[in-house]
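My numbering numbers the first residue of the sequence shown as 960 and each following residue consecutively.
Watch out, some of these pointers could steer you wrong.
[Stated by the list, open to error] The calculated lysine to aspartate or glutamate pairs, modelled on EDC-like cross-linking and capped at a C-alpha distance of 20 Å, are: (1) Lys1070 x Glu1024; (2) Lys1020 x Asp1040; (3) Lys1027 x Asp966; (4) Lys1074 x Glu1024; (5) Lys1020 x Glu1073.
[What the hints assert, rightly or not] Distance windows between CB atoms, simulated: (6) Leu973 x Thr1035: 13 to 21 Å; (7) Phe1043 x Lys1074: 38 to 46 Å; (8) Ile1060 x Pro1000: 17 to 25 Å; (9) Ser1008 x Leu1049: 35 to 43 Å; (10) Lys1020 x Asp966: 30 to 38 Å; (11) Ile1060 x Lys968: 27 to 35 Å.
None of these hints come from the bench; they were simulated from the model. All C-beta atoms in this analysis are idealised placements derived from N, C-alpha and C, irrespective of residue type, glycine included.
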Amino acid sequence: MFGFFSDYKQYITLRNFAVVYNGLTGLAVLYSLWSNPEADPSEYVIDISIHALTAITLMCKQAPESVKAVAMALNTYRGFDALFKAITSLPSTIPGIANAIDVLNHRFNFKELEKLGNEEEVEPRSAVQHTM
960 MFGFFSDYKQ YITLRNFAVV YNGLTGLAVL YSLWSNPEAD PSEYVIDISI
1010 HALTAITLMC KQAPESVKAV AMALNTYRGF DALFKAITSL PSTIPGIANA
1060 IDVLNHRFNF KELEKLGNEE EVEPRSAVQH TM
């Protein structure tokens, strides 16, 4: 059993941190939507879905380029949306400090998704030869 924990350092990566962070952030936003009666679902549901898509895309080693492109575009959109709502008086049910943090969060997500496309290619599986 202790052999399982012997090589844990290979799992401590920025990408795995991003997956866990996006999952927890999505859950926190969902809880905030659930517990705040004045929360606007049109703001919160978009953020939840972007965090979920980003976490799933970062978990998949062979995610299609189109999915990566959509996730990058949505993170860019949400980053600019949060920026404008943080520095202007646009109406928002998300607190200003949360929008300011979300700007950095979605920029980080964009960079991680960008790196995902630039990694070395995964070798395709070779055909298994069965002999009898």
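Now for the hints, and whether the structure bears them out:
1. Lys1070 x Glu1024: Holds - the C-alpha atoms of glutamate 1024 and lysine 1070 are around 15 Å apart, at most 20 Å.
2. Lys1020 x Asp1040: The given pair, whose Cα atoms are some 29 Å apart, is violated under the 20 Å limit.
3. Lys1027 x Asp966: The given pair, whose Cα atoms are some 30 Å apart, is violated under the 20 Å limit.
4. Lys1074 x Glu1024: holds (12 Å)
5. Lys1020 x Glu1073: holds (13 Å)
6. Leu973 x Thr1035: 13 to 21 Å: holds (19 Å)
7. Phe1043 x Lys1074: 38 to 46 Å: violated (26 Å)
8. Ile1060 x Pro1000: 17 to 25 Å: Distance hint for isoleucine 1060, proline 1000 holds at roughly 21 Å.
9. Ser1008 x Leu1049: 35 to 43 Å: This hint is violated: roughly 21 Å between Cβ atoms.
10. Lys1020 x Asp966: 30 to 38 Å: violated (19 Å)
11. Ile1060 x Lys968: 27 to 35 Å: For isoleucine 1060 and lysine 968 the Cβ distance comes to about 28 Å; the hint holds.
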